[in-house]
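**Student:** My request is simple: use the sequences and hints to build the entire structure.
So you can see what is in the structure, the chains are spelled out below.
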Amino acid sequence: MNDLGSIKITDVAVNVGGLQVLHDVNISASKGDLLALLGPNGAGKTTILRTMLGLVKPAKGTVKVAGASPGKGWRHIGYVPQRHEFAWDFPISVAGVVMSGRTRHIGWLRRPCKDDHIAVRDALRTAGMAELANRTVGELSGGQRQRVLIARALATRPSVLLLDEPFTGVDMPTQEQLTELFIELSGAGTTLVMTTHDLAQAMATADRVCLVNRTVIADSTPPAAARPGHVDADLRDLWLVASTENRRRRCRLNEGDHALPSRLLVRPHQSPAEFSA
Amino acid sequence: MLSPLDFLSDLTNPLLSFLPKALLVALVCSVVAGVIGSHVVLRGMAFIGDAVAHSVFPGLAVAFLMQRSLLLGGSIAGLTTAILVAVVSQNRRLKEDSVIGILFVGAFALGIVIISRAPGYSGSLQQFLFGSITGITDDDIVMVCVAGALVLALEWAVHKELVTVGLDRETARASDLPVFALDLLLYVLVTMTVVISVQVIGNVLVLALLVTPAATARLLTDRLGQMMVLAPVIGGFSALVGLYLSWSIDLPAGGTIVLVATAVFLACWLVAPRGLLALRLDCTAPHHRHARVADDTHRAHLEVGLHVTDPQ
Numbered sequence: 071m072n073d074l075g076s077i078k079i080t081d082v083a084v085n086v087g088g089l090q091v092l093h094d095v096n097i098s099a100s101k102g103d104l105l106a107l108l109g110p111n112g113a114g115k116t117t118i119l120r121t122m123l124g125l126v127k128p129a130k131g132t133v134k135v136a137g138a139s140p141g142k143g144w145r146h147i148g149y150v151p152q153r154h155e156f157a158w159d160f161p162i163s164v165a166g167v168v169m170s171g172r173t174r175h176i177g178w179l180r181r182p183c184k185d186d187h188i189a190v191r192d193a194l195r196t197a198g199m200a201e202l203a204n205r206t207v208g209e210l211s212g213g214q215r216q217r218v219l220i221a222r223a224l225a226t227r228p229s230v231l232l233l234d235e236p237f238t239g240v241d242m243p244t245q246e247q248l249t250e251l252f253i254e255l256s257g258a259g260t261t262l263v264m265t266t267h268d269l270a271q272a273m274a275t276a277d278r279v280c281l282v283n284r285t286v287i288a289d290s291t292p293p294a295a296a297r298p299g300h301v302d303a304d305l306r307d308l309w310l311v312a313s314t315e316n317r318r319r320r321c322r323l324n325e326g327d328h329a330l331p332s333r334l335l336v337r338p339h340q341s342p343a344e345f346s347a
Numbered sequence: 002m003l004s005p006l007d008f009l010s011d012l013t014n015p016l017l018s019f020l021p022k023a024l025l026v027a028l029v030c031s032v033v034a035g036v037i038g039s040h041v042v043l044r045g046m047a048f049i050g051d052a053v054a055h056s057v058f059p060g061l062a063v064a065f066l067m068q069r070s071l072l073l074g075g076s077i078a079g080l081t082t083a084i085l086v087a088v089v090s091q092n093r094r095l096k097e098d099s100v101i102g103i104l105f106v107g108a109f110a111l112g113i114v115i116i117s118r119a120p121g122y123s124g125s126l127q128q129f130l131f132g133s134i135t136g137i138t139d140d141d142i143v144m145v146c147v148a149g150a151l152v153l154a155l156e157w158a159v160h161k162e163l164v165t166v167g168l169d170r171e172t173a174r175a176s177d178l179p180v181f182a183l184d185l186l187l188y189v190l191v192t193m194t195v196v197i198s199v200q201v202i203g204n205v206l207v208l209a210l211l212v213t214p215a216a217t218a219r220l221l222t223d224r225l226g227q228m229m230v231l232a233p234v235i236g237g238f239s240a241l242v243g244l245y246l247s248w249s250i251d252l253p254a255g256g257t258i259v260l261v262a263t264a265v266f267l268a269c270w271l272v273a274p275r276g277l278l279a280l281r282l283d284c285t286a287p288h289h290r291h292a293r294v295a296d297d298t299h300r301a302h303l304e305v306g307l308h309v310t311d312p313q
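Sequence order for the protein chains is X and L. Per the working numbering, the first sequence runs over residues 71 to 347. Per the working numbering, the second sequence runs over residues 2 to 313.
I should point out that these hints are in silico values taken from the structure, not numbers from a laboratory. For glycine and all other residues, C-beta sits at the position ideal for the given N, C-alpha and C. Heads up, some of the hints might be wrong.
Label-pair restraints from in silico Cβ distances [stated by the list, open to error]:
#: 1; chain 1: X; residue 1: 181; chain 2: L; residue 2: 2; range: 43 to 53 angstroms
#: 2; chain 1: L; residue 1: 88; chain 2: X; residue 2: 127; range: 15 to 25 angstroms
#: 3; chain 1: X; residue 1: 154; chain 2: L; residue 2: 139; range: 49 to 59 angstroms
#: 4; chain 1: X; residue 1: 158; chain 2: L; residue 2: 263; range: 19 to 29 angstroms
Only part of the chain L face toward chain X is listed, based on derived beta-carbon distances under 10 angstroms [what the hints assert, rightly or not]:
#: 5; residue: 96
#: 6; residue: 118
#: 7; residue: 158
#: 8; residue: 159
#: 9; residue: 162
#: 10; residue: 164
#: 11; residue: 165
#: 12; residue: 167
#: 13; residue: 171
#: 14; residue: 173
#: 15; residue: 178
#: 16; residue: 219
#: 17; residue: 223
#: 18; residue: 225
**Tutor:** The following block contains the structure:
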């Protein structure tokens, strides 16, 4: 059963519309990990999440999430998309949206039973939305909307929770509440993977950071996890390089150009020789 | 002009037996269209609804020529067009609305060419395009009621799945829901609704039955369940009043029903909670909903330990 919280992505390459957007991606996580996929816009972070969900088929490599192949593990995977994916003008209550997360679990031709209502109530409570359960979703603020989407994902009691840019466009108090919530969830044994382009936020929240730009450039256990506020200088350097490269519209970071600093806490996925060659 | 009481007596007059039949068909269609139209309005697929409505036409024409079931012919044609739209719009160079525009007008043109081969062509064309309250047979009534009940039953069966997909397609797909199949099913339901409504309302005007009552209901409520009750009620009211006006001042039934529905929409748009008048009032007095949002923000700040002082 411990397998349910695990993620193992091995040598994955993904093509979208004939273009290779990801190559040689290796990511693994185990039960209770809080992993951030950090990278600039267009680095392929969302594509990694979509690959985990089985929405994108990898051109090569293997993907196992919650102990199952993509598309098979849906029962144990929760997904929190970016907020603009959701139809906020729909005439529905917060509780109704959270219940919609259980649609597939309830099953065809069935109505929600007692257990479904309990799951929805628990999810609303965990996400801090219990008081707004009967509010129409269109009336919510940005931070509240984010929490509704999280509650919807939690309503299926997932072993793995995938979040796409959960911090984008929410204010500081909400960011802090979300960070607390994520740490609480991972402490309770849920495996969390979130994408972000905010280095400081990733360092403050996650206990592991994967730097992504078309592939996983580096995978680190930052000391920042123990000392919030402190930013790993070397990871920051790599991050700046990745962002700059991206701005130059080069398809991938040319690892050869940048030898890794010696005191790096980063654990490269490729052999170190490849980085410093 | 007839009084409503005269209308009632005409409805029960055995010599005018087509009148109650037309009313029954119009009411059944309004109820079905109100429920299905709620999905159409909320998904912003009015244009697709229009496309399906028009593309039903060649199927009706063929069925009419071959003396076969209009429902079957129309459904096949509507569904074929819907699938073609879904397939052709996979081509990334063309946007979906262009594909819809090309295919549905093409299908409609095909229908006109086909029906021109029929004897008494202009009469039947007019009847298809704008509807007619005469000539509804008992078989038609059975067909409309059975098909209407089937549409409602199917909607009821997959209601929560349709809502889940309508809310967020990506997450629905991630949770193993067959999004494409559900889309197709919704197209089928729209097609069937259109086909049963064609006889009274007409092919060109049937979109109004799908969209107008549902949009009116949306103005009045923030809950889908209420919307799906209000839309059929508004549609049924429009059908009743429209048919009465049509009969008493000798106007075309389809057009009159749609005009009544449009008038109801405009009235609600003016006086609804979020209608024009409410918005105008909003400018002068703070609306209670805004106050509630402010309350939440206040509470959120308190939760994180920030002190919020009221400006005094």
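**Student:** Each hint needs a verdict: does it hold in this structure or not?
**Tutor:** Do the hints match the structure? See the list:
no.: 1; hint: 181(X) / 2(L): 43 to 53 angstroms; in the structure: 49 angstroms, holds
no.: 2; hint: 88(L) / 127(X): 15 to 25 angstroms; in the structure: 20 angstroms, holds
no.: 3; hint: 154(X) / 139(L): 49 to 59 angstroms; in the structure: 52 angstroms, holds
no.: 4; hint: 158(X) / 263(L): 19 to 29 angstroms; in the structure: 28 angstroms, holds
no.: 5; hint: 96; in the structure: 16 angstroms, violated
no.: 6; hint: 118; in the structure: 44 angstroms, violated
no.: 7; hint: 158; in the structure: 6 angstroms, holds
no.: 8; hint: 159; in the structure: 8 angstroms, holds
no.: 9; hint: 162; in the structure: 6 angstroms, holds
no.: 10; hint: 164; in the structure: 6 angstroms, holds
no.: 11; hint: 165; in the structure: 4 angstroms, holds
no.: 12; hint: 167; in the structure: 6 angstroms, holds
no.: 13; hint: 171; in the structure: 5 angstroms, holds
no.: 14; hint: 173; in the structure: 8 angstroms, holds
no.: 15; hint: 178; in the structure: 6 angstroms, holds
no.: 16; hint: 219; in the structure: 7 angstroms, holds
no.: 17; hint: 223; in the structure: 4 angstroms, holds
no.: 18; hint: 225; in the structure: 5 angstroms, holds
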